[in-house]
Amino acid sequence: MKISISWLKEWIDEIPQNISNHLTMLGLEVDSEALAAPAFTNIVVGEVLTVEPHPDADKLRIATVNVGEAEPLQIVCGAPNVAAGIKVPTAVIGAVLPGDFKIKKSKLRGVESYGMLCSARELGLSDDHGGLMILAKDAPIGKDFREYYNLNDEILEIDLTPNRGDCLSIYGVARDLALSTGTALKALPKHHVDAVIADKIAVNVQDTVACPRYLGRKITGLNMSAPSPLWMTERLRRAGVRPHGILVDITNYVMLELGQPLHAFDADKLAGNIHVRQSVQGESVTLLNGDTVTLKANTLLIADDEKTVALAGIMGADNSVCDDNTTAIFLESAWFNPLAIAGRAREYGLHTDASHRFERGVDFNLPMIALEYATHLLVTLAGGQAGAVTVAEDVALLPKRDAITVRFARISQLVGRDYAIERITEILSRIGDTQVAEDHAVVVPPSHRFDIEIENDLIEEIARIDGYDNIHSHFNNRISTMTPMTEYTTPVNAFNNVLVDRGYNEVITMSFVAPKWQAIIDKTQAPIALKNPISADLSVMRTTLAAGLIATIDYNLKRQQKRVRIFETGLTFKGELANVTQQAYLGGAVVGDVLSEQWGEKARKVDFFDVKNDVEALLALSAHESEVQFVAKAFDLLHPGQSAEIFVRGESVGYMGKIHPKVAKELDVSADIYLFELNLAAIKTTQPTVFKPLSKFPQSRRDLTLVVPEHMTVAAVIDVMRQVQSPLLQSIQLFDIYQLAKEDKTEKSFSFGLIFQNDMENIKDEEIDTILTNILKNLGEVQVFLRQ
Numbered sequence: 001m002k003i004s005i006s007w008l009k010e011w012i013d014e015i016p017q018n019i020s021n022h023l024t025m026l027g028l029e030v031d032s033e034a035l036a037a038p039a040f041t042n043i044v045v046g047e048v049l050t051v052e053p054h055p056d057a058d059k060l061r062i063a064t065v066n067v068g069e070a071e072p073l074q075i076v077c078g079a080p081n082v083a084a085g086i087k088v089p090t091a092v093i094g095a096v097l098p099g100d101f102k103i104k105k106s107k108l109r110g111v112e113s114y115g116m117l118c119s120a121r122e123l124g125l126s127d128d129h130g131g132l133m134i135l136a137k138d139a140p141i142g143k144d145f146r147e148y149y150n151l152n153d154e155i156l157e158i159d160l161t162p163n164r165g166d167c168l169s170i171y172g173v174a175r176d177l178a179l180s181t182g183t184a185l186k187a188l189p190k191h192h193v194d195a196v197i198a199d200k201i202a203v204n205v206q207d208t209v210a211c212p213r214y215l216g217r218k219i220t221g222l223n224m225s226a227p228s229p230l231w232m233t234e235r236l237r238r239a240g241v242r243p244h245g246i247l248v249d250i251t252n253y254v255m256l257e258l259g260q261p262l263h264a265f266d267a268d269k270l271a272g273n274i275h276v277r278q279s280v281q282g283e284s285v286t287l288l289n290g291d292t293v294t295l296k297a298n299t300l301l302i303a304d305d306e307k308t309v310a311l312a313g314i315m316g317a318d319n320s321v322c323d324d325n326t327t328a329i330f331l332e333s334a335w336f337n338p339l340a341i342a343g344r345a346r347e348y349g350l351h352t353d354a355s356h357r358f359e360r361g362v363d364f365n366l367p368m369i370a371l372e373y374a375t376h377l378l379v380t381l382a383g384g385q386a387g388a389v390t391v392a393e394d395v396a397l398l399p400k401r402d403a404i405t406v407r408f409a410r411i412s413q414l415v416g417r418d419y420a421i422e423r424i425t426e427i428l429s430r431i432g433d434t435q436v437a438e439d440h441a442v443v444v445p446p447s448h449r450f451d452i453e454i455e456n457d458l459i460e461e462i463a464r465i466d467g468y469d470n471i472h473s474h475f476n477n478r479i480s481t482m483t484p485m486t487e488y489t490t491p492v493n494a495f496n497n498v499l500v501d502r503g504y505n506e507v508i509t510m511s512f513v514a515p516k517w518q519a520i521i522d523k524t525q526a527p528i529a530l531k532n533p534i535s536a537d538l539s540v541m542r543t544t545l546a547a548g549l550i551a552t553i554d555y556n557l558k559r560q561q562k563r564v565r566i567f568e569t570g571l572t573f574k575g576e577l578a579n580v581t582q583q584a585y586l587g588g589a590v591v592g593d594v595l596s597e598q599w600g601e602k603a604r605k606v607d608f609f610d611v612k613n614d615v616e617a618l619l620a621l622s623a624h625e626s627e628v629q630f631v632a633k634a635f636d637l638l639h640p641g642q643s644a645e646i647f648v649r650g651e652s653v654g655y656m657g658k659i660h661p662k663v664a665k666e667l668d669v670s671a672d673i674y675l676f677e678l679n680l681a682a683i684k685t686t687q688p689t690v691f692k693p694l695s696k697f698p699q700s701r702r703d704l705t706l707v708v709p710e711h712m713t714v715a716a717v718i719d720v721m722r723q724v725q726s727p728l729l730q731s732i733q734l735f736d737i738y739q740l741a742k743e744d745k746t747e748k749s750f751s752f753g754l755i756f757q758n759d760m761e762n763i764k765d766e767e768i769d770t771i772l773t774n775i776l777k778n779l780g781e782v783q784v785f786l787r788q
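The UniProt record's numbering puts the first residue of the sequence shown at 1, with every later residue one more than the last.
Rather than coming from a laboratory, the hints here were simulated on the basis of the structure.
Hints may be right or wrong, so weigh each one.
[Said to hold, decoys possible] Derived DMTMM-like pairs (lysine to aspartate or glutamate); straight-line CA-CA distance at most 25 Å: (1) K633 x E761; (2) K104 x E71; (3) K523 x D636; (4) K400 x D418; (5) K662 x E645; (6) K696 x D636; (7) K516 x D554; (8) K269 x D199; (9) K662 x E651.
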C-alpha cells in the first residue's frame with residue numbers, strides 16, 4: 001500500500017522525523033521511499049496569453065506565455081488543448097525534464113521557441129499524453145511548479161501483515177502513528193447529507209451472519225462528465241490508483257482515506273429491491289471485468305429481484321455497472337463478516353481492493369461514516385441529489401468487543417522488562433476504553449482492532465507502542481535443563497543422517513496440496529478442505545507425504561535434473577476439520593541412476609531393491625533385521641508387482657514401491673519413481689543395545705541350495721528355518737537365486753549360507769547335523785527340498 005506523507009499530515013499534526021523507521025518498528029514495514037514525481041528543474045506555472053496558428057505547420061500553434069518575467073515567452077506548441085487563458089506547467093530555457101531531457105532555445109519550422117508547455121506524462125505524473133496538464137485558475141504565475149504541486153512529497157510503500165487490516169487506509173496509518181506518538185488525531189468526517197428526493201430502494205438481508213450491516217442510498221441527477229478535482233486525482237495517483245472518472249474516483253478516494261470499500265450500482269439497471277443472499281450451486285454471473293464465473297454454493301451475493309448484481313465484497317456484475325450515461329446510482333456501504341469473504345475471491349481467480357480489506361476485517365462502525373462522506377463528495381462535485389439511507393442490520397450479530405484483563409505482573413514476565421504503571425495505563429488508554437485497578441487493567445478494544453482478543457495481544461501492543469528498542473538484552477538467570485533422552489527412542493535426526501549419508505537431500509513441502517493430486521495419490525482418504533486456502537491448487541490438507549515428494553521430483557525432472565533422491569519428515573492430516581488426526585511420517589522418493597555419472601561403474605537405473613536397502617538401513621537404527629518384514633501387497637498408488645507393506649515386530653509401519661504407471665500418467669510424471677513412507681512414531685521405538693562378548697571359538701558355515709515353490713518368498717523360507725530356535729544358528733544369509741529351466745516355471749532355487757557358532761566351546765559337527773536335519777524336516781512340510 002502506498003501512502004503520501006502530505007495526505008497523512010491532513011489527519012495527524014506531528015509526523016516523526018524518521019517516519020520510515022518509525023513505521024517499520026511499529027510493524028508497518030516500509031518497503032520503499034520515493035518522491036511524488038521524478039526529478040525535474042525549472043518548471044514554472046505559466047499562463048497562456050495568446051494562441052496563433054503556425055504559418056508553416058497545421059498542427060502547431062504559436063503561444064505567448066506569461067511566466068512571471070518582464071516579457072512573455074514565445075513557445076511553439078502542438079498540444080490539441082492549448083488555448084488562451086489556461087495555466088500550464090511551463091519548462092523555460094535551461095529546464096531539465098525527467099529522462100535528462102534539456103530545454104534549449106530552438107526553431108520549429110522556422111519559428112523560434114523559448115520553452116515548452118508540458119503534459120502530465122512529460123513530467124512523469126501520468127501516462128496520459130492527450131494534451132497539456134491544465135492547472136487550477138488560481139495557480140500563481142511564475143511559481144516553481146514542483147513547489148506549487150508539492151512534488152517533493154514523500155511516498156512510502158508499506159507492506160502490511162494480514163492481521164493489520166485496520167491500517168489499509170491513510171486514516172488507519174495516521175491512527176497508528178498517533179497511538180505510538182501520543183499526538184492528537186483528527187476526528188473522522190461527520191458529514192450528514194439530508195434526503196432531498198423520495199426515491200428509496202429496500203434491502204433484504206437473508207444471511208445476517210455473513211452481512212450483519214448493509215447500508216445504501218439512491219443518488220440521482222449525477223453529472224458523470226464532471227471533472228475530478230486535481231487534489232483528488234493527484235492523491236489517488238500518489239496512492240498508486242489511476243483516475244477513472246468522478247464516480248469511481250470518489251469511491252476509491254473514500255476507501256483509500258477511511259478504509260471502507262464502497263460500490264455503486266446503476267439504479268436504472270436494478271430491478272426492484274436489493275437482496276443479500278448465498279449463491280446456489282452452479283449459477284453464473286458475468287462480472288464487470290468481463291469474466292463469467294460459475295458459482296459455488298458458499299458465495300455471498302448482492303442481487304435484485306431478477307438477477308445477481310455483485311459478488312458481495314469482491315466485485316460487481318456487468319449488468320449493473322455505471323457508465324458515462326449513468327445519472328442515478330444506488331450506493332452500497334456494508335460490513336461483511338471476514339469469514340464470509342475470506343478465500344472467495346481466490347476461488348474465482350480474483351483479487352480486488354475490496355476483498356483484500358473485507359477478508360482482513362473492516363471497522364464495522366465505518367459504513368455510515370463512509371456513506372455520508374461519499375454522498376457529500378458526490379453532491380458537491382457531481383451535482384447529485386441524495387435520498388434517505390436504507391439501513392438493514394442485526395446489531396446482535398456484529399462483532400463483540402469483550403473486555404480484556406491485563407495483569408501488570410504478566411506484562412513484565414512476557415516482555416522481559418518492567419514498565420511503570422503510569423506508562424502502561426497511558427498506552428492502554430490510547431488503545432481503548434480502560435479501567436485501572438491495583439494490579440491490573442481492563443480494556444475494551446476498539447471496533448477497528450480485530451487482532452486484539454486476549455491478554456497477550458494487549459501486552460504485545462504495549463511492547464510495540466513503547467518501542468522494541470526499549471527492550472534491552474539481559475542475562476537469563478534461570479537454570480537450564482536439558483531435554484531428557486531415552487535409549488528406548490531413536491531421534492528423528494538419526495534417521496535423517498542415515499538418508500543424508502546415502503545421498504538423499506531433505507526437502508520441506510507444503511502441508512496442503514492440490515485436490516486433483518490428492519485424489520489421484522490417495523483414493524482411500526477424503527482430505528480436509530481449507531476454509532481459506534492460499535490458492536485453488538493448495539486447498540486441501542495432505543493425507544500422505546507422497547504428494548509433495550512426487551511434485552518435487554517432477555519439478556526437478558522438468559529442469560533437467562535426472563537423478564534425484566529426496567526425503568521429508570512431516571505431518572499428515574486425516575479426519576474432519578473439527579477432529580483432525582495428525583501423524584508424523586518419514587517419506588522418501590528416488591528417481592534416476594543408482595550412482596552419479598562416473599567412469600568406475602556402468603550406469604544403472606535405481607530399482608526396488610536399491611530403495612529397499614535404504615529403508616533397511618533406516619530401520620536398522622531401531623530394529624534387528626529379524627524383526628523387519630517386507631510383505632508383497634498391492635496399493636493403488638504403487639505398481640502391483642513392485643510394492644510392499646513394511647512390518648516391524650509384527651506392526652505395520654509403512655510401505656514402499658514403484659509408482660503405478662497409471663498414476664504417473666494421470667500426474668503427467670514421465671519417470672519411474674520409487675517411494676517409501678514410514679510412521680515415525682512406530683519406527684522410533686527401540687530396545688537399548690546390549691554388548692555381547694565376542695566368542696573365542698570359530699564359526700562354521702554350511703550352504704544349502706533349496707528347490708522352492710514359485711510363490712514362496714525368501715522371508716518365508718527363512719522364517720521356517722528359524723523355527724528350530726537354536727542359539728547355535730547365528731545367521732542365515734541368502735547368496736543366490738536361480739530360476740529353474742522348466743517350462744511350467746513352478747519352482748525356483750534359493751541358496752543360503754548358514755553360520756553356526758558355540759560361544760562356550762568348539763561347535764561339533766553332530767550339533768550342526770542335528771540342526772540341519774530339523775531345518776530340512778520343517779522345510780519339507782512346506783514343500784521345500786534340497787536341490788539334487
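For each hint, the structure was consulted:
Straight-line distance between C-alpha atoms of K633 and E761 comes to about 44 Å, which puts the hinted pair past the 25 Å bound. Note on K104 and E71: the hinted pairing holds, with a Cα-Cα distance of about 18 Å set against a maximum of 25 Å. A C-alpha spacing of about 7 Å is found between K523 and D636, which places the hinted pair at or below 25 Å, so the restraint holds. For the given pair, K400 sits about 31 Å from D418 by alpha-carbon distance, which is inconsistent with the 25 Å threshold.
The suggested pairing of K662 with E645 holds, with an alpha-carbon distance near 20 Å, which does not exceed 25 Å. Taking the CA atoms of K696 and D636, the gap is about 52 Å. The hint is violated against a cut of 25 Å. The straight-line distance between the Cα atoms of K516 and D554 is roughly 15 Å, inside the 25 Å bound, and the hint therefore holds. Restraint check for K269 and D199: the C-alpha separation of about 15 Å stays at or below 25 Å, so the hint holds.
Annotation: proposed proximity of K662 to E651 is violated, straight-line Cα distance about 30 Å (limit 25 Å).
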